[in-house]
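Residue strings, one per chain:
Protein chains: 2
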Amino acid sequence: MAYDGVETPHGRVDRMLGGAATYISLASSYFTRTRIVAVVGDDFAKEDTDLLEKRGVDLEGLERVPGKTFFWAGKYTPDMNDRETLTTELNVFAEFNPKLPVNYRDDPYLLLGNIQPKLQRHVRSQMNKLRLAGGDTMNFWIKDFREELLATIREWDFLLINDAEARMLSGQANLKKAAQAILDMGPHTLVIKRGEFGAMLFRKDSYFIVPGYLLETVFDPTGAGDCFAGGFMGYLAQQGFDLEADHISRGELSRAVIYGSVMGSFCCERFGVERFRTLERAEIDARFEEFRRFTSF
Amino acid sequence: MAYDGVETPHGRVDRMLGGAATYISLASSYFTRTRIVAVVGDDFAKEDTDLLEKRGVDLEGLERVPGKTFFWAGKYTPDMNDRETLTTELNVFAEFNPKLPVNYRDDPYLLLGNIQPKLQRHVRSQMNKLRLAGGDTMNFWIKDFREELLATIREWDFLLINDAEARMLSGQANLKKAAQAILDMGPHTLVIKRGEFGAMLFRKDSYFIVPGYLLETVFDPTGAGDCFAGGFMGYLAQQGFDLEADHISRGELSRAVIYGSVMGSFCCERFGVERFRTLERAEIDARFEEFRRFTSF
Numbered sequence: 002m003a004y005d006g007v008e009t010p011h012g013r014v015d016r017m018l019g020g021a022a023t024y025i026s027l028a029s030s031y032f033t034r035t036r037i038v039a040v041v042g043d044d045f046a047k048e049d050t051d052l053l054e055k056r057g058v059d060l061e062g063l064e065r066v067p068g069k070t071f072f073w074a075g076k077y078t079p080d081m082n083d084r085e086t087l088t089t090e091l092n093v094f095a096e097f098n099p100k101l102p103v104n105y106r107d108d109p110y111l112l113l114g115n116i117q118p119k120l121q122r123h124v125r126s127q128m129n130k131l132r133l134a135g136g137d138t139m140n141f142w143i144k145d146f147r148e149e150l151l152a153t154i155r156e157w158d159f160l161l162i163n164d165a166e167a168r169m170l171s172g173q174a175n176l177k178k179a180a181q182a183i184l185d186m187g188p189h190t191l192v193i194k195r196g197e198f199g200a201m202l203f204r205k206d207s208y209f210i211v212p213g214y215l216l217e218t219v220f221d222p223t224g225a226g227d228c229f230a231g232g233f234m235g236y237l238a239q240q241g242f243d244l245e246a247d248h249i250s251r252g253e254l255s256r257a258v259i260y261g262s263v264m265g266s267f268c269c270e271r272f273g274v275e276r277f278r279t280l281e282r283a284e285i286d287a288r289f290e291e292f293r294r295f296t297s298f
Numbered sequence: 002m003a004y005d006g007v008e009t010p011h012g013r014v015d016r017m018l019g020g021a022a023t024y025i026s027l028a029s030s031y032f033t034r035t036r037i038v039a040v041v042g043d044d045f046a047k048e049d050t051d052l053l054e055k056r057g058v059d060l061e062g063l064e065r066v067p068g069k070t071f072f073w074a075g076k077y078t079p080d081m082n083d084r085e086t087l088t089t090e091l092n093v094f095a096e097f098n099p100k101l102p103v104n105y106r107d108d109p110y111l112l113l114g115n116i117q118p119k120l121q122r123h124v125r126s127q128m129n130k131l132r133l134a135g136g137d138t139m140n141f142w143i144k145d146f147r148e149e150l151l152a153t154i155r156e157w158d159f160l161l162i163n164d165a166e167a168r169m170l171s172g173q174a175n176l177k178k179a180a181q182a183i184l185d186m187g188p189h190t191l192v193i194k195r196g197e198f199g200a201m202l203f204r205k206d207s208y209f210i211v212p213g214y215l216l217e218t219v220f221d222p223t224g225a226g227d228c229f230a231g232g233f234m235g236y237l238a239q240q241g242f243d244l245e246a247d248h249i250s251r252g253e254l255s256r257a258v259i260y261g262s263v264m265g266s267f268c269c270e271r272f273g274v275e276r277f278r279t280l281e282r283a284e285i286d287a288r289f290e291e292f293r294r295f296t297s298f
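Residue numbers (the numbering used here), protein chains in the order written: chain A, 2 to 298; chain B, 2 to 298.
Accuracy of the hints is not assured; some may be wrong.
For chains that are exact copies, the list does not tell them apart, and a pair is met inside one copy or across any two.
What the hints assert, rightly or not - With a straight-line Cα cutoff of 25 angstroms, these simulated SDA-like cross-link-like pairs (lysine to any residue) come out:
| # | residue 1 | residue 2 |
| --- | --- | --- |
| 1 | Lys144 | Ala182 |
| 2 | Lys100 | Asp80 |
| 3 | Lys47 | Met17 |
| 4 | Lys119 | Met17 |
| 5 | Lys177 | Tyr214 |
| 6 | Lys177 | Gly196 |
| 7 | Lys177 | Asp83 |
| 8 | Lys55 | Asp43 |
Calculated from the structure, these hints are not laboratory results. Model, not experiment: these values are computed from the prediction.
Please model the complete structure; the sequences and the hints are all you need to start from.
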């Protein structure tokens, strides 16, 4: 969990609630009871935990320690397909060693945010009855912590990364070849996020591609990829899938990709988490149906 | 019709058959009897007209004049999403003034390749019983021949351009806003091509988006946009649509977009027109069904 400073062509906010755990849990909360493990400093505002609690997010695993909360600031390019990091202050996040509350350890679903692969692996090892586990990573870990990362994702059911990360991890420029190479690393399911161009789902024997939702105005893409992850995992958890029993179908996974896309699209409509203050489940389902209309032929 | 020199990361060909009319008519020939109007020089090879004749393309409107055929050479970027023009020799194309054979003038369907807007308008004015007419344009006409272009597309049913051209023509960076602005210029149907990211169809009250087909190897994207146009128009002509009677549905238009995408994807599988020497209709329909499989949820 973090505070972010963001500048886009539509405006600028110096400090607002952010962080992968925040976006993932807000998005996921529309589908299933969501529990988070994260760390914040003593500067973390009550109104921010209030927002998560209002959405029913379980904060037992939220550690509060002396010091300042992680802070990131960035500026987007005019077309908002890229951004420049202006500031990264790790603060209390530097010493973060995620410990799962006992109450969490028998849960069946686990989504690991983008942190050091060794910590992701440590979190996974604390879970006793996993039915579906996966997560995110980023260029930094792919480049400089490759062996750790490979050992970590080998145990995952799914990996959720963007197209540049998929190319870097696989060493393949072509996404179809990249996907096959990554599926050989362990996960049986790979989701590649492509920003405004949508998302792709790959399994050994099938694939699914959805274009991005066409917003009239993208205010701020910050958190959209995390909201995708939250919608994807939230939907699968809501359905109660059991992957070990191979109960999960390509159809259900593709619907999870659509719900991920829906949540990512809502995230972009306002700065930061603003859209989630008013968003209702009925709007989510209406946009899901809109995806069906504009993609079917 | 042209000769092209092309360099991609997969190889280089110094001189091969090319040109919008060539690609469009080859793609369209799988769906309907196609007639072309174009100009070539006395260097144009018999084996190249033979290829078109073998596909049943009517060459009565192919003018052969003294001089050299249009020549273009270009080099693609490593990701093949962009290309640099190395040479453009207009040759006999410089004096081209398309004249339609009498036999062509009662045909119901017209697709205008990317030439000077005034010439496109002149061609359209020679047709007596049009039921569906549209075409392509490019940045050069949008920028320096804007008034002529606007007068030309005002009479079209559809416009088929790429995303950068749509932004330039409309002055809108956002594609949804760009599309609405372009639909106010006359055409009731707009198709925006996005290269490897697929295509979008816009009408006043609906839209359709399809992702690009995922090829394992893109050998040469030259002509893919023209093959898209040929597949799109060819399919609509095969169905015998009459737009004046408003017989055309969003469903049929979106299937035309899929056939366009299918033809564009085949084009990229080999250099130049090579793929069309062996391609069969059954392969086209199989790939259409593959599009259905990887996009439905």
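Numbered hints the structure breaks, given as an ascending list: Result: hints 2, 4 break, sorted rising.
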